[in-house]
Every structure is written in structure tokens, then in C-alpha cells.
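Going down the list, the protein sequences come from chains A and B.
My numbering applies: residue 2 is where the first sequence begins, and numbers increase by one.
My numbering applies: residue 17 is where the second sequence begins, and numbers increase by one.
Each hint should be verified, as a subset may be incorrect.
[Said to hold, decoys possible] Derived list of chain A stretches under chain B, where covered just means 3 residues or more per stretch with a C-beta under 8 Å from a C-beta of chain B: (1) 145 to 158; (2) 213 to 220.
[Claimed, not checked] Anything over 12 Å on all C-beta distances counts as not near chain B; from chain A, calculated: (3) N85; (4) T96; (5) A268; (6) E306; (7) G320; (8) G331.
[Stated by the list, open to error] Derived CB-CB ranges, DEER-like: (9) A:D82 <-> B:G151: 21 to 29 Å; (10) A:T174 <-> B:V236: 52 to 60 Å; (11) A:D249 <-> B:A149: 51 to 59 Å; (12) A:G309 <-> B:G283: 51 to 59 Å.
Just so you know, these hints were derived from the structure itself, not from any lab.
Being a predicted model, the structure only gives us computed values, none of them experimental.
All C-beta atoms in this analysis are idealised placements derived from N, C-alpha and C, irrespective of residue type, glycine included.
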Amino acid sequence: MLRRDFVKTLSGAGAAAVGASLAGPAEAQWIKRRPKVEIGEVARVRVDVLTETSWFDNTRLKQNIVAYGGAGTNQYSIPWDWDNAGGYSALITVTTLEGETRKILLDTGWNTEWMDYIYRRNGVDRMLAEGEIDFLVISHWHLDHAWGLASALKHNPDIKIIAPGTLYPEDRTLLGGGRLTARSHDGDDVVICQNDHPHTGPLVLTEEAGENDSGIYRPMPGMAIRLFDVPILLRVRGENVLYFNVKDHGIVTVTGCCHPGLLNLFAYARRNFEDARPYGCYGGLHLTVFESWDPRFDDIIRGIEYFGIEKIACNHCTGWLFAEKAAAAGLPIVRGTDAFRDYPKVSTVAGSSNVFLTNGDAVTFG
Amino acid sequence: MTTLVDDGAGPVAGGPHTTAQLRGVAIGLANLAALAGITWLVWYVLLHPNGVLAFYTPMYGFSLVATLLAVIVFMSRIAEGWPFSAWPLAWPIRGAVMTAVALGAVYGLVHGLFWGGLGRVAVTYFSPYAIIAEGGVGAEFFNAREIASTAIVYFDAAFLVVALVWSAGVGRWPWHRVPVGVRVWSKTATVVLLSGLLFLVAFHPHVAHLFYPAQSMAGVTPWWRELSMTSSAFFNLGVLLCVVMAVVLSELTWEGEPWGRFDRQGGAAAKGVTTLLGSALIGLWFLYLLWQLMNALWYEPFVGGQRLDGPHFRYLHAGEVAGFVILSAYILKVCFGNGPGRGSLAMRALVRTALILAGAVAMWFFYYSPLATLALGKVPGIASPDDTSLVVTLLFLCVVLIQAEFFGRGPRAAATVDRPGR
Ligand SMILES: [Fe+2]
Ligand SMILES: [Fe+2]
Numbered sequence: 002m003l004r005r006d007f008v009k010t011l012s013g014a015g016a017a018a019v020g021a022s023l024a025g026p027a028e029a030q031w032i033k034r035r036p037k038v039e040i041g042e043v044a045r046v047r048v049d050v051l052t053e054t055s056w057f058d059n060t061r062l063k064q065n066i067v068a069y070g071g072a073g074t075n076q077y078s079i080p081w082d083w084d085n086a087g088g089y090s091a092l093i094t095v096t097t098l099e100g101e102t103r104k105i106l107l108d109t110g111w112n113t114e115w116m117d118y119i120y121r122r123n124g125v126d127r128m129l130a131e132g133e134i135d136f137l138v139i140s141h142w143h144l145d146h147a148w149g150l151a152s153a154l155k156h157n158p159d160i161k162i163i164a165p166g167t168l169y170p171e172d173r174t175l176l177g178g179g180r181l182t183a184r185s186h187d188g189d190d191v192v193i194c195q196n197d198h199p200h201t202g203p204l205v206l207t208e209e210a211g212e213n214d215s216g217i218y219r220p221m222p223g224m225a226i227r228l229f230d231v232p233i234l235l236r237v238r239g240e241n242v243l244y245f246n247v248k249d250h251g252i253v254t255v256t257g258c259c260h261p262g263l264l265n266l267f268a269y270a271r272r273n274f275e276d277a278r279p280y281g282c283y284g285g286l287h288l289t290v291f292e293s294w295d296p297r298f299d300d301i302i303r304g305i306e307y308f309g310i311e312k313i314a315c316n317h318c319t320g321w322l323f324a325e326k327a328a329a330a331g332l333p334i335v336r337g338t339d340a341f342r343d344y345p346k347v348s349t350v351a352g353s354s355n356v357f358l359t360n361g362d363a364v365t366f367g
Numbered sequence: 017m018t019t020l021v022d023d024g025a026g027p028v029a030g031g032p033h034t035t036a037q038l039r040g041v042a043i044g045l046a047n048l049a050a051l052a053g054i055t056w057l058v059w060y061v062l063l064h065p066n067g068v069l070a071f072y073t074p075m076y077g078f079s080l081v082a083t084l085l086a087v088i089v090f091m092s093r094i095a096e097g098w099p100f101s102a103w104p105l106a107w108p109i110r111g112a113v114m115t116a117v118a119l120g121a122v123y124g125l126v127h128g129l130f131w132g133g134l135g136r137v138a139v140t141y142f143s144p145y146a147i148i149a150e151g152g153v154g155a156e157f158f159n160a161r162e163i164a165s166t167a168i169v170y171f172d173a174a175f176l177v178v179a180l181v182w183s184a185g186v187g188r189w190p191w192h193r194v195p196v197g198v199r200v201w202s203k204t205a206t207v208v209l210l211s212g213l214l215f216l217v218a219f220h221p222h223v224a225h226l227f228y229p230a231q232s233m234a235g236v237t238p239w240w241r242e243l244s245m246t247s248s249a250f251f252n253l254g255v256l257l258c259v260v261m262a263v264v265l266s267e268l269t270w271e272g273e274p275w276g277r278f279d280r281q282g283g284a285a286a287k288g289v290t291t292l293l294g295s296a297l298i299g300l301w302f303l304y305l306l307w308q309l310m311n312a313l314w315y316e317p318f319v320g321g322q323r324l325d326g327p328h329f330r331y332l333h334a335g336e337v338a339g340f341v342i343l344s345a346y347i348l349k350v351c352f353g354n355g356p357g358r359g360s361l362a363m364r365a366l367v368r369t370a371l372i373l374a375g376a377v378a379m380w381f382f383y384y385s386p387l388a389t390l391a392l393g394k395v396p397g398i399a400s401p402d403d404t405s406l407v408v409t410l411l412f413l414c415v416v417l418i419q420a421e422f423f424g425r426g427p428r429a430a431a432t433v434d435r436p437g438r
């Protein structure tokens, strides 16, 4: 009754074609429809993993969350273990069709000591100071992606920032320079994040409507940023997703955590971009974060096959479990190296199979 | 004790005056407000993420609530209030005793039967301790408890489906002529056996695949995967809840029709079969309607889609909506004497159904409003991972049922004599 040929479902005019087998034009006018957008092309995209170890011990992170009210709690009300904090940040190098290179920084991590080390080690401090980085994208306002702002702004407070407009007053405080504390069960006010380098450059706060109601922002040809305004755990809302259209290959998504869901992103691209063909992805995929499986993850593995994604570079909140199972199922997981072992701290979930593209690794699309 | 079913038209039927009707509605609203208040209080103490015990993890709290509902349904529908109905107790005391017994049973079942018993000696996944003892990836207490709780919720779901279909379908048949004790034991054995089988077919393959590596020698790769575009048993859960909704509507709202006519013509067995098949048809049709509606709102889902795009969510959501309808139907029955009591049956059924659907829609909007986030501490938005409206819906239903079945809606109903068997 509800059976449907899935490949047919995805082909043709994409999701608009579907209702057919279910008797009728179910695709109603209720969904807001926009004309498809031409986003242009880039020649190549390289992503350097600066750090994807947002925390080092899963159990401790989870204890922090559970002890202070669970997944729905405001992240600013939890006195997190500072020495368990790391961060998520990536350096994206785009080669345009004209052969120029443009650099984008994605996210600024969490623990500023760790982030200072990471930026120094990779020369990002110098790139920022010398204006080599075009702009900074904050994927979402989760602590492990945004609380390390100071580590980037101290080298260039004037940098252009593109961040989700779904921010809270605390996020604004951090952006404008300030210090935030959380009350521990012992009654102490613990400093949880601090930024002494107020942002003074251009600020683009993204909205779901995008530029001119196109649904997206286009900072350069061949690239689009879309805010997916989804509720996320720890009271955060909305994630900016980076899309690149790589010439002769197709769409690459670059994400912080991918809270909206990986295939949801590709489905969006199919519905809204001209000639969107799935090609690859980089980033956290937010699946088996805490090493617990669910049959719906089996669905995602099957779905990735159906979509025909050719290059999957994942890490962070993807969960080693998902990456390993996806690799075992034959999905094109880009393997990392052992470079991460050379860092002063290593995550407790790090396995030996290198299914994560982790600290010190890089991937090139195109 | 069968105060909810069988007592025909509601008390409003006796009040020809508009003022009396208005008074009835006012009392009903006050009753509803009190029940909602109790539900919120229990939610805050037991489940609210920033409350006292914070069991809305979500599965652990879900397992407690679902087990409570199963126990209440067992005590009222399968055990017919026996043996409490035979005790010479004043109604408030009897209600309090039955409530206490039900709560004790929840603890005994979850922590005793499943965690300490079955999980230890039979099926690992029923006990977090047993899962941890086996070790493996992710085997720490929180995860393990979520897995065991998922299994228990599914078992409760299977039990509720079988118990409700059985009691609405054949009632006391074929044991209607034997002493109540014999009948209760016979019904219990039958319903538990059938729920075990339903659990194995509909839910066990899901639970077996909650592990890495998947326990595929114990449970098949979900057989519904191609049919439903998802490996998740949310498919079965959604379908079954829609079917239960149809059973409840017929029994409560449509005064036992249209399946009652089969009882009069072909006996209880004929009614049982038609109740099952007819409710399945209505339930699937309802699911189909909701599916189309959701497609119109949110595009078609696809294999591997998450949140709103996930087929598993669409089925779960159909079940959640069915849950709102079920709760709404019970509220109309318990608080408002089932609405209109005059006019033809078709007219009454139509008006009641409309009222119930309106109530369900109101619940839907409430649950996804910022108000619910404030009151319940739930994650905002629709289709957020680890959130389901079923927990608060079933908790509310438990509170409504405790009033109706245990406290017998006060002295009036407690005084009514048990109707002879069908
Ligand atoms: Fe993250
Ligand atoms: Fe995140």
C-alpha cells in the first residue's frame, strides 16, 4: 500500500514527482516552492581538518549533560568540564573556475587553549592576521563550534562572519565580547566561555529565507550557504550548511554537525538547485554520537546508496560506529591517517580503523 | 467496574434543560482541568527534563508510562476490576488501593520482571544490567537503559493492542459462563500469549538491531523494510496505534457500532473478527490520510531521511496523532459524559467524532507550541530526535483512566451494578 519504487521517487523532477504511486497529486501547494537556483561551479574544494575532537571523553560530556537536565537544557547553564573540551574547526580552500584560491574558516571550536594550539599548529593564526581568510562561517551556536570565537577573533576581529540568525542573547554576548558563567550544583559560578576580542567586522546573520527569498546565501560563485532552522539539542536552533557545486562532479556538503540530516541536505539541493547531483560530504553527521545504534541508521546507509554519494569524509558527531558500519556496507568512506595520534590529546572513541577523517587529515573534492 | 464501556448514553442524556447541560459542561471542564493539573504534576516530578527525577530520557520514562497504561488496561479490561470489585470498600478507598497496586505493579514489572527476571535469564535486551554485563560497543548504563526501555515500551504496545482488541472484540467470550476468577485467568493467559507473539513479529527485529553488531541471528532484518521504507518498528507502532484508535472510537464513541451488529447476528466470535478486520481497515485508512496530509505539508519522505523527511517519523507521527484522538475520545467520555446523548446514533456518533477530532487537533497545536516547551520541557519543534508526544499523551490517558476505572467517576458510577456478561 505504501510501497514505492524509491529510485523512481528520487528521479525525474525530484520530490515533486512522487505522490503518483500513492494515488493522486498529494504534493500540495502548501509547501513553499521557489524557482530552482543556479549556484554556479567551483573547480575544487579542499577541506583541512583542523580539529574535530570537540571533546575527548564521551562519557564525561554525557555526564555533564545528564547532571544538568538532559538534552533540552540550555548549554549556557551547564558548568562543563573545561579540560574535556576541545573543538570543531575546519579550513576550506576553494579553487575557483578561474584558478584562484579562496579560504574559508568553518567554526572556531570550544576550548580556547586547545584552539590557540590548533590554529598555531596549522598557521591559521597567521592566515587570519594577514587577511588570507575571506570569511568565517559559524555553522551553529553549539558550544563546540562557537565558544572558541576568541581564538580566531584575537588574530582578526574585523573578519566577516556568517552565522545563524537564530542566536540567543548569550551568543551575542560572546560575539560582542564578554564572559559567561554557569552555576554548578555546588553553588559555584564557573566561567564557561569568554571572548575578550569583540567582533568588529561585517556580520551576516542568516535566515531560512536567504538572500532575496532564494533560500540561500551565495558568498561566491559555486557556493551556497543555507540555514536549516531546526531545533537542536541543548536549546540551540538552526545550522548553516555549506554547499559547493564542483565542476564535473556535483554537490558537496560541508557541515559542522549536520543536525538537519545528511540526506535531507541533498534532498534540499535536488529540489532547489539546478542540476544538483550528489557528490560528496565533509563533516560531522550527528548519528551515533554516543555509540548507540538504531535501525534508522541502517536506513541512512541504504539511503546514501540510493543517492549515489561518491565521497564521504566524516568525523566528529558522526560516531565511529556509523562510519565503521557504513564502510563495512561498502559506502565510499574516505579514510583518515594516523596523524591525529601526534596531537597532545586524543578522543577516547578513536578506533583503529581510520574511518574518521580526523585531526591533521585533509580531503579534496574535484 | 466496567464504567467506561457499556453504560450507554452519558449522564447529559438525562438533562433536558440547557442550564443542566451547561452545568455538565462546566463540571466537565473543571474535571478536565484537574486531570490536566495532576498530569502536569506527575510529569514535573517524574519526567520533566528539569524536574525532579527527569526520567524523560526519553525511553526510560516512556517505559514507565506505557507499563502503567498496560497495567491499568489489564486491571480494568482483562481482570474486570476483579478482585477489588468484590471487596466491600468505599469507592475512594477502592480507587486508592487500585492506584497503589497499579503503581507497585509498574515497578515490579519494569524493575522486577523485565530488568531482574526476563532480562537476566531469557532475553538480554530486557535488562540494562544484562546488556552491560555482556559488554560491547556503547554498553553503558544510559544507553543500555534506553535499549531495555525501548523493548519494554514495545512489549507494552503489543499488550495494549491485543488487550483492547480482545476486550472490545469478544469481551468475556468464550468464558462468559464461568466464574469471574476462571475467566480472568483465561483471558490473561490468552492475551499475554498473543501479545508475546505480536511483540516477536512486530517489534523484536527492531530491538535486535539496536546493537552493534546487529543481533541478526536472534532477530530477522526487519521484514517491513521494503514495504515501509524504514527498518524502524515505528512503522508497526504507527499502524497498530491507528488500529487501536479505530477500536476505541467504535467502542467508546460509536457505542459499540458498527461491529456490535455482528454480535447480535453471529455471536461474539463473529464480532471479534469483524472488530479486528474493520478496525484494521479504518486504522489503515486513517494512516493513509495522515500520510497524504504529511506529504502535502512536508514533501514525500525518503529512505534515510531524518526528522520530517524520515519515513520512520511519519509512521510514529501517525501513531502520535492516533494517540491524541484516543486521549480526546476518553476525555469526552469521562469528563463530558460522551457529549450529546440525544438524537439518532449516527448523529451522536458524528457529533462526538467531530468533537474528538477537534480536541485532537487542539492537542497537536498545543504540543508543538512554545507553551508545551515551557510546561513540559520538551525540545521545541516537530520531529525532533528523541521526542515523542506519546509519553505525555499516554500519561494523561493513565490519569483519565485511573479516575474512570479505579475511582469509578465518583460515588454515582461506583454504585452501578456490574453488567452481566455478553
Ligand atoms: Fe558538534
Ligand atoms: Fe552540534
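Handout entry: Numbers of the earlier hints that this structure fails to satisfy, in rising order
Key = The structure breaks hints 1, 2, 5, 6, 7; every other hint is satisfied.
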